[in-house]
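Novice: Once you've looked at the hints, dock chain Y against the given chain P.
Take a look at the letters that make up each chain.
There are 2 protein chains.
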Amino acid sequence: MHTNLKRTLTKECINKVGEMVKVQGWVKKIRHLGNISFIVLRERTGELQCVLEGKLAGVIIETESVIEVIGKIVPTNNTVLGVELLIKSVKVINKNDLLPFEVNKKEVNIGLENLLNHRVLSLRHEKIASIFKIKATLEEAFREYLINMDFIRIFTPKIVSQGAEGGANVFNLNYFGKDAFLAQSPQFYKQMMVASGLEYVFEIGPVFRAEEHNSSRHLNEYISLDLEMAFIEDYEELMELETQVIKFMFEKVKEKNENELKLLNIEMPTITEIPKLKLHEAREILKNRFKKEIPEGDEYEMLVASFREKGLNEENFQNYLNTFKYGVPPHGGFAIGLERLTAKLLGLTNVREASAFPRDINRLTP
Amino acid sequence: MHTNLKRTLTKECINKVGEMVKVQGWVKKIRHLGNISFIVLRERTGELQCVLEGKLAGVIIETESVIEVIGKIVPTNNTVLGVELLIKSVKVINKNDLLPFEVNKKEVNIGLENLLNHRVLSLRHEKIASIFKIKATLEEAFREYLINMDFIRIFTPKIVSQGAEGGANVFNLNYFGKDAFLAQSPQFYKQMMVASGLEYVFEIGPVFRAEEHNSSRHLNEYISLDLEMAFIEDYEELMELETQVIKFMFEKVKEKNENELKLLNIEMPTITEIPKLKLHEAREILKNRFKKEIPEGDEYEMLVASFREKGLNEENFQNYLNTFKYGVPPHGGFAIGLERLTAKLLGLTNVREASAFPRDINRLTP
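Chains P and Y, in that order, are what the protein sequence lines are. My numbering applies: residue 1 is where the first sequence begins, and numbers increase by one. My numbering applies: residue 1001 is where the second sequence begins, and numbers increase by one.
Treat the hints as calculated values from the structure; they're not laboratory data. All C-beta atoms in this analysis are idealised placements derived from N, C-alpha and C, irrespective of residue type, glycine included. Among these hints, one or two may not hold up.
Partial chain P-side listing against chain Y, Cβ under 7 Å, derived [claimed, not checked]:
| id | residue |
| --- | --- |
| 1 | Asp97 |
| 2 | Phe101 |
| 3 | Thr365 |
List time: in silico BS3-like cross-link candidates among lysine-lysine, alpha-carbon distance up to 25 Å [as the list claims (entries may be wrong)]:
| id | chain 1 | residue 1 | chain 2 | residue 2 |
| --- | --- | --- | --- | --- |
| 4 | Y | Lys1325 | P | Lys29 |
| 5 | P | Lys325 | Y | Lys1127 |
| 6 | Y | Lys1262 | Y | Lys1325 |
Excised from the complex, chain P in its bound form (with noise of 0.2 Å):
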């Protein structure tokens, strides 16, 4: 009878008192007192209170079941919306089986483990999926910014011939018949393109570094966010373009995830200047800290021992080396690990929680 009526959404609800409407969702709760019982339908705009009067009380649903309810919507004081929909028919669309953990509650108790297992259960919970959305509004407001500072988003390949930082940390495939590797940053393409007279470009994509480390700040696949730009006068130019561009990031963040934030209670941090180091400071903390030498040198000789250090053979980086005899304008750039600032910004204990499908030394699924 009702069968015509398109899906309204539950942020809809509130300018549709009196009307007849069909919505769509998950069971996150279901109350039963007496002849009357509560289901509370979550779906990806909110959550709504549905009452089941007279027959329909009583009604087992499993919690987590996908449902769609047919009913009308009534004014109420005893919900934020303040709206509730009154259910003339219920139908289960998706039953759900038994859950192996509780997804409803307020705080999130289940362990790491148990949450990156059951992605699909532990993103129900509103504060992981708050994760997601503001992680997906930091990397939308870095392309936003650099799109209107006039950079062009480049696409370079991820099967490569050769690592861009080394041998050691470097998956490698077989790529009919031929050794490969996977790209461990867009570092040579991005120069490459630059001096392609594209001049200022940007890559937002995944990279693989084939760390053995295990720690809470390492990821073996992430998301880069990566720049490179013509004519840069000197490098303190790239220093003011990236606090620009997380400046940006974090007043976007502010703008659009406003309910994320309340949930997760992050206050964002108002960035007036990031904190710099002189390199001979950063020498001598390596030095005096981590009892690490780096060699000196100008910015070629650098590149050529890094090579030899590391065990590259400087023939297997021909075309990238080709590059520099075709006229190349003096450039640089930077890169921002998604994940990381995701974590770092809302106060995560492991970097993992900011990646839906973590990829570490022990885990390859899901």
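Specialist: Leaving out everything else, chain Y in the frame of chain P:
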């Protein structure tokens, strides 16, 4: 003396008549006419004619070198821009070596192998750069349309424990001693993210196909524009969405890439409706023209049959299959290959022309 000048872009010169400016870019052409020389300087916003008189005339600079020029902008009738620059000083920032081919001819006649082997140079031709500017707009428009339709961007792993479409066409790699594969599609992960409650999701990222085809339509790594949405009523909804997305993408190209379309002599098609085939019609064509029969059955039987046909072990898909236990809404999606769409739209004879650094059965560099 003018060391504090900031770089002026070619497109800004029109508003700087009478001013002393600094411009930076590549030497597209250099011509000597007695005691006067002309340099056409090219950078990302256009081309600027620069005039050398007196002592400066006759200067020898290789084309495609990177130069910095300081001088005065004056009006002229001899250039499209309506202005030219009278050079006060010129500095070669990075000298170009001998070029393997001439990149500044009106038409690109260098052959596909040369074009791909020397991307940094071939991309300097404005017709070739135009392909990548249009490609960037197509991606940008896909994203914009979906964001406006309340889709959320997701990031799913490219290193996976099992291919999405079968064992034969998948690249495998050693993942810390485990067998792993490169994702052929984000299909399973898109569905998991839909089921997690995000409902409307999209992803833009590389996919990898170890296909041995060496045709003008195949790439072994390409950018897939992917989406998946929950609570669809039927597949017509997806067909309508795809039509609208592509319409929007084409409109955006018309709006943003007028110059590039003119250069490539492309008239954008007007989309009213995309031709549709009924499933049984497609089956007939496959049967009659290609002698290939597709088994009939429902949207789950076919999945399991397909798993078996492809020699896939159902156990490896447990995480994916688990998804269907925990309340999955009806959903559907589609994907567009960015390079194929770009190539089709621009009438390129080979899809490789729409990939900056294509990967095919023989090509792993640059």
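Novice: Run the distance test for Lys1262 of chain Y versus Lys1325 of chain Y: straight-line Cα separation, threshold 25 Å.
Specialist: 53 Å, violated
Novice: When the nearest CB of chain Y is found for Phe101 of chain P, is that gap smaller than 7 Å?
Specialist: 11 Å, violated
Novice: Would the stated hint for Thr365 of chain P survive a check requiring a Cβ distance to chain Y of less than 7 Å?
Specialist: 5 Å, holds
Novice: Does Lys29 of chain P sit within 25 Å of Lys1325 of chain Y, going by the straight-line distance between their CA atoms?
Specialist: 18 Å, holds
Novice: Hint check: Lys325 of chain P vs Lys1127 of chain Y, CA-CA at most 25 Å. Holds or violated?
Specialist: 23 Å, holds
Novice: Hey, does the Asp97 of chain P contact hint survive, CB to chain Y under 7 Å?
Specialist: Given a least distance of 4 Å, the restraint on Asp97 of chain P holds.
Hints 2 and 6 from the earlier list are contradicted by this structure; the remaining hints agree with it.
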